[in-house]
Amino acid sequence: MNQQQKWIAFYTIIIREILRFTRIWIQTILPPVITTALYFVIFGQLIGPAIGKIDGYNYIEFIVPGLIMMTVITNSYANVVSSFYGSKFQGNIAEMLVSPVPNWIILVGYIGGGVARGLSVGLAVTIVSLFFSNLPIEHPFLMLLMGILTSALFSLAGLINGIYAKSFDDISIVPTFVLTPLTYLGGVFYSISMLSDFWQKVSLLNPVLYMVNGFRYGVLGVSDMSPWLSFTVLIIFISALYIYSLSLLNRGVGIRN
Amino acid sequence: MLSYAPIIFMGLKMSTALAIQSLTKVYANGFQALKGIDLTVQQGDFFALLGANGAGKSTTIGIISSLVNKTSGQVSIFGYDIDTQREQAKAQIGLVPQEFNFNVFEPVREIIINQGGYYGIPRTEALERSEKLLNQLGLWEKRKDQARELSGGMKRRLMIARALIHQPRLLILDEPTAGVDIEIRRSMWDFLTELNESGTTIILTTHYLEEAESLCRNIGIIDQGQLIENTSMKKLLNRIDTETYVFDLDNALASPPEHNALTFELRDPTTLEVSFHKESFSLNQVFDWFKENNIKITSMRNKTNRLEQLFIDLVEGNKGSKAA
Ligand SMILES: Nc1ncnc2c1ncn2[C@@H]1O[C@H](COP(=O)(O)OP(=O)(O)OP(=O)(O)O)[C@@H](O)[C@H]1O
Ligand SMILES: [Mg+2]
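Protein sequences, first through last, are from chains Z and V. Sequential numbering from 156 applies to the first sequence in the numbering used here. Sequential numbering from 71 applies to the second sequence in the numbering used here.
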């Protein structure tokens, strides 16, 4: 395939992925918006005032970036894992496998779909959050960059899950047992400075912490660590998962007999 | 060889469309599905790949189209090796798989256009081509429907349209007419014949032997992972040296008659099957015999499944030779 053909193939996959989740927007876009609105009401209006300020911000303002990030993470992951597993289940993954489209384009296409879902839902939630809080939005470019990188990383993770999944149950195991704990313990609802020394160190092993804080820095200008560290951690994880998932695709794991 | 004329007329050089050497496949569970297949299909051919359920047809097709990893052996498509020149090899093939394998929630036309996209065909061009294909295959009215809303026969035709969007030189169809009604089947035959005449090499599997007989020039029979026959349809049919006719009789017979050149079989007291060697006996002589024996015939027909019997004999013969 020449460059133009590759571009067409990539474009086809990403548009197909975007159409997939927009066609079923009631299942894909609406639920996270409702869930986060509930978070805002409960944590922001009811519990928040009892907690007081963190890093100079109201509790609601402090958790908004984390809640947006949490939505971005779960949605980009869910998008790729269900789309990829679905295409294995229905067999239409073969449409791409018989064609000359290189595996890296398939991979980047799925990441693109996951990022699109992550960002659309993230944007929807951000708009909702503006009704509940006054976000300063200190560094919009950094905010966007963190959003893109985080959704790319979790799209890759979702893809790997989709590759290994043998049943619909398999696609909910990782979100339940890995993703949810990591995000809840990733500083969405608190600053790690509130933890003891030991738990602060343990928290630093959680990659989600770096994403939430990087994004929070973009929105509020405060963070538990330097945004550069967040950026570096993201790039390292993305590279590792990209290489790994490409090798899975090249070997045909889970998709070729 | 008259049927090759259009290709030569178009000034194309004849070449090998598909070459398979010593192909084996052992599935992950240890089952050996292919045990060393050698097969060549020439450009322009209309080739039937036959075999019983589980013989290894779909496995072979899966390997050719890069959906199944082979265990050993070589496969090349128009000279492109599927290991070393996979991209080019894939670009030559259009595949109509045995099982429905599209996203049932996608609209019909979208499925076809997306497939074009994976081959790098610009959307505007894919739109044009899809319009033509959908019309040819009688799906134009359904173009906006979700694929799950199609009937079984329409789904098969959708997969044919999808396989042709990039105008492949080799079209492989794995049981394309399974579950398709007689009328549509006939029109599919016409469609495929036309496609073949315009230069597309076609490989088809089917369990309807009359389909293979009316469409295909050459034939391969796979049995238990081995190619047990690879010949032209004409030669194969020539091998059928006995003719069998079914006669309905006016008066009932108690037992089948005896004759040294004719074999009789009584299906019921008034239905008699008569078989004889084409070379040594003629239908005229059969009528003479009925006359001599004062047996009145009310009607007569050719027993239709002659190719089926040959097929069964070949497969049985293969089992026999293995048991020996
Ligand atoms: N994924 C798989 N794992 C293990 N064995 C398999 C697998 N796929 C096919 N087989 C086995 O390989 C053999 C050949 O199967 P294949 O699908 O190639 O047959 P076929 O000739 O296409 O049959 P049919 O006419 O029923 O479609 C069968 O015994 C089948 O059970
Ligand atoms: Mg089959």
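Watch out, some of these pointers could steer you wrong.
[Unchecked claim] No more than 27 angstroms apart at the CA atoms, straight line, and that leaves these computed lysine-lysine pairs for DSS-like: (1) Lys212/V - Lys202/V; (2) Lys202/V - Lys214/V; (3) Lys321/Z - Lys225/V; (4) Lys214/V - Lys225/V; (5) Lys305/V - Lys348/V; (6) Lys361/V - Lys389/V; (7) Lys389/V - Lys105/V; (8) Lys361/V - Lys304/V; (9) Lys243/Z - Lys225/V; (10) Lys243/Z - Lys214/V; (11) Lys389/V - Lys304/V; (12) Lys321/Z - Lys208/Z; (13) Lys361/V - Lys348/V; (14) Lys366/V - Lys243/Z; (15) Lys161/Z - Lys202/V.
[As the list claims (entries may be wrong)] What follows is a set of in silico ranges between Cβ atoms, one per label pair, in the way DEER data are often shown: (16) Gly246/Z - Thr154/V: 23 to 29 angstroms; (17) Ile292/Z - Gly222/V: 51 to 57 angstroms; (18) Trp162/Z - Lys202/V: 42 to 48 angstroms; (19) Ile181/Z - Lys202/V: 33 to 39 angstroms.
These aren't lab readings, by the way, just hints derived from the structure by calculation. Ideal Cβ positions, reconstructed from N, Cα and C, are used throughout, including at glycine.
Here is what the structure says about each hint:
no., hint, in the structure
1, Lys212/V - Lys202/V, "14 angstroms, holds"
2, Lys202/V - Lys214/V, "15 angstroms, holds"
3, Lys321/Z - Lys225/V, "26 angstroms, holds"
4, Lys214/V - Lys225/V, "14 angstroms, holds"
5, Lys305/V - Lys348/V, "15 angstroms, holds"
6, Lys361/V - Lys389/V, "42 angstroms, violated"
7, Lys389/V - Lys105/V, "15 angstroms, holds"
8, Lys361/V - Lys304/V, "35 angstroms, violated"
9, Lys243/Z - Lys225/V, "19 angstroms, holds"
10, Lys243/Z - Lys214/V, "24 angstroms, holds"
11, Lys389/V - Lys304/V, "24 angstroms, holds"
12, Lys321/Z - Lys208/Z, "46 angstroms, violated"
13, Lys361/V - Lys348/V, "20 angstroms, holds"
14, Lys366/V - Lys243/Z, "64 angstroms, violated"
15, Lys161/Z - Lys202/V, "25 angstroms, holds"
16, Gly246/Z - Thr154/V: 23 to 29 angstroms, "27 angstroms, holds"
17, Ile292/Z - Gly222/V: 51 to 57 angstroms, "55 angstroms, holds"
18, Trp162/Z - Lys202/V: 42 to 48 angstroms, "25 angstroms, violated"
19, Ile181/Z - Lys202/V: 33 to 39 angstroms, "36 angstroms, holds"
Going through the hint list in order, the structure does not satisfy hints 6, 8, 12, 14, 18.
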